[in-house]
Amino acid sequence: MPIEVCHLTHCYSEGSAFRTVALDDVSFRIDDGEFVGVIGHTGSGKSTLVQHLNGLLRPSSGQVLINGEDLNGEHVNRRALRQRIGLVFQYPEYQLFEETVAKDIAFGPKNQGLSADEIAERVRYAMDCVHLDYDKYAERSPFELSGGQMRRVAIAGVLAMRPSVLILDEPTAGLDPRGRDKILSMLEELHARENTTILMVSHSMDDMARLATRLIVMSEGKIVVEGTPREIFAREDMMTSIGLDVPDAARLCARLRTMGYNLPADLFRPEELKEQLLRLWKEGSAC
Amino acid sequence: MKSDSRVQLNDVSYSYEEQAAPALSGVSALIQPGEFVAVLGHNGSGKSTMAKLLNALFVPTEGNVVVCGYNTREEKLVWEIRQRAGMIFQNPDNQIVATVVKEDVAFGLENLGVPTEEMIPRIESALSAVRMSAYADKAPHMLSGGQKQRVAIAGILAMEPSVIIADEATAMLDPSGRKEVLETIRTLNRQKGITVVWITHFMEEAALADRVLVVTDGQIKLSGTPAEVFDRVEEMREMHLDVPHMTALAGELREAGMPLRPGILTVEELAEEVERLCPLKSAT
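Chains A and B are the protein sequences, given in the same order.
Residues 0 to 286 in numbering that gives the first Met the number 0 are what the first sequence lists, from first letter to last.
Residues 0 to 283 in numbering that gives the first Met the number 0 are what the second sequence lists, from first letter to last.
Derived by calculation from the structure, the hints in this document are not laboratory data.
Heads up, the beta-carbon is just placed ideally off N, CA and C, and yes, glycines get one too.
Treat the hints with care, as some may be off.
[To be verified] Here are some of the chain A residues that sit facing chain B, going by a computed Cβ distance under 10 Å: (1) Arg-28; (2) Gln-94; (3) Leu-243; (4) Pro-269; (5) Leu-277.
[Stated by the list, open to error] Cβ-to-Cβ under 8 Å is the rule here; a few derived chain B residues that face chain A: (6) His-41; (7) Glu-117; (8) Ala-247; (9) Gly-250.
Required output: the full structure, derived from the provided sequences and hints.
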């Protein structure tokens with residue numbers, strides 16, 4: 000179920016003195032099974048973009064095509080399309096409300112009118128996806144859990160709808176390192192095992208370096224550049240000029256290259272750099 | 000007159016409920032005037048409990064907390080303490096009370112009954128210290144997260160505190176917001192000598208502190224300079240904490256035999272060590 004965004008423009012407060020162009024002629028395509036990272040400053044338009052992808056906002060102009068169908072077209076079954084695109088908002092744990100974890104996760108499937116058996120099966124499946132033990136947590140109140148666990152319950156609620164595409168806005172914001180790791184490894188597994196298409200908005204270059212197969216870099220409502228993490232992170236100057244960082248490993252690589260060391264230009268993972276630095280050291284001590 | 004701006008925890012324990020396991024147990028620490036101390040710990044480690052004990056939101060179950068010479072147990076002194084030890088919280092939206100920035104900064108002063116003539120210059124200087132003077136007449140909801148946190152800091156500064164306690168004040172901000180808030184606090188610490196207790200789980204922020212306290216299971220497990228603390232990569236990981244990427248990489252290189260110096264925190268430091276150990280053969 001590919002997603003295609005064509006010349007999408009979105010203005011807030013159209014017709015008033017506060018009119019702001021949040022998205023300005025944005026076009027891109029996401030194919031099945033991709034793990035796309037969207038990065039950019041606060042105010043770059045990332046969250047606005049995400050809300051367009053499941054029809055929460057309507058474009059000022061341009062189109063969002065899901066599987067070739069215009070999400071905002073006149074005769075389109077918006078509800079059916081939206082159900083296949085799971086959207087996880089920022090701080091989704093604020094949206095939990097049920098008495099138990101299982102009931103909260105069941106909310107979506109129940110509204111879809113599924114049978115009790117099917118709902119139970121979906122809840123188990125979703126809890127398994129987010130690595131929450133069913134026997135241990137299903138009957139607990141979500142409000143007794145840690146922040147990271149609550150967030151995973153919220154994500155499970157979206158996964159229980161069995162979306163073909165999962166969109167997450169800042170899924171690790173505000174979590175401690177342990178909570179963050181759990182979310183990331185869960186997404187990694189979901190992508191590998193279920194081949195779910197994932198689009199993730201994040202400020203964390205390290206999260207992106209670890210997971211994304213492709214990056215879309217946004218600034219002031221426009222796409223500045225698209226490419227693999229390897230291509231993007233090798234362009235430290237461009238990233239700095241729009242107020243973004245590159246991972247530390249990429250910075251070290253760039254710095255050593257400027258100093259005159261013979262290193263590939265596009266290293267961004269610590270493990271790659273480790274190998275290269277050991278090579279330099281061994282070559283150095285050999286002569 | 001009490002001019003002592005030390006923060007002292009003497010064998011402090013705190014339990015939320017009588018029967019429950021204590022959130023903090025037997026913690027002692029002395030934070031010197033003008034020090035910038037980072038407190039690192041994962042969620043549930045007890046670090047936020049510690050913050051709330053420092054400005055008398057909580058009173059210890061056992062032991063004593065003494066802030067600027069005042070014991071938090073003495074109820075009459077609570078306002079004295081909070082005036083001297085201001086606190087910034089995680090969520091910028093929960094800390095703004097007024098509809099205009101300068102009125103928000105005035106809030107604390109009004110409560111103290113500071114006369115208007117005195118209030119105005121204090122508000123102006125507080126907003127200028129956090130570089131928000133241009134926004135004095137703006138509505139807070141039009142500001143970014145980082146700007147809101149700076150307004151919250153200005154509100155505390157206007158009270159002329161000796162100590163600022165920040166409980167994950169950057170957790171909900173984007174990287175540039177985090178940088179601007181941290182730089183603001185660091186400057187206030189250096190220029191005005193305000194003691195800072197900076198509670199965080201971002202190790203990059205802790206790396207900039209004078210001293211790092213690592214809290215796990217309600218106890219201070221490690222204490223030292225950032226270089227000393229982060230070099231203990233394994234111990235930190237066991238406590239589910241990160242270390243700076245370059246410190247971790249340096250650790251792995253050392254394990255593979257490269258004789259790097261201890262205490263590497265930054266890209267620049269590691270680059271220098273590579274230069275020392277792998278000298279470039281001059282091409283000419």
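We went through each hint and held it up to the structure:
1. Arg-28: It is violated, given that the least Cβ distance between Arg-28(A) and chain B is near 27 Å, above 10 Å.
2. Gln-94: Hint violated; Gln-94(A) Cβ to chain B Cβ min 16 Å, cut 10 Å.
3. Leu-243: Interface hint status for Leu-243(A): holds (8 Å vs cutoff 10 Å).
4. Pro-269: holds, 5 Å
5. Leu-277: Nearest chain B Cβ about 6 Å off; hint holds.
6. His-41: holds, 4 Å
7. Glu-117: Result: violated, 36 Å to nearest chain A Cβ.
8. Ala-247: holds, 7 Å
9. Gly-250: violated, 10 Å
Of the hints listed earlier, those the structure fails to meet are numbers 1, 2, 7, 9, in rising order.
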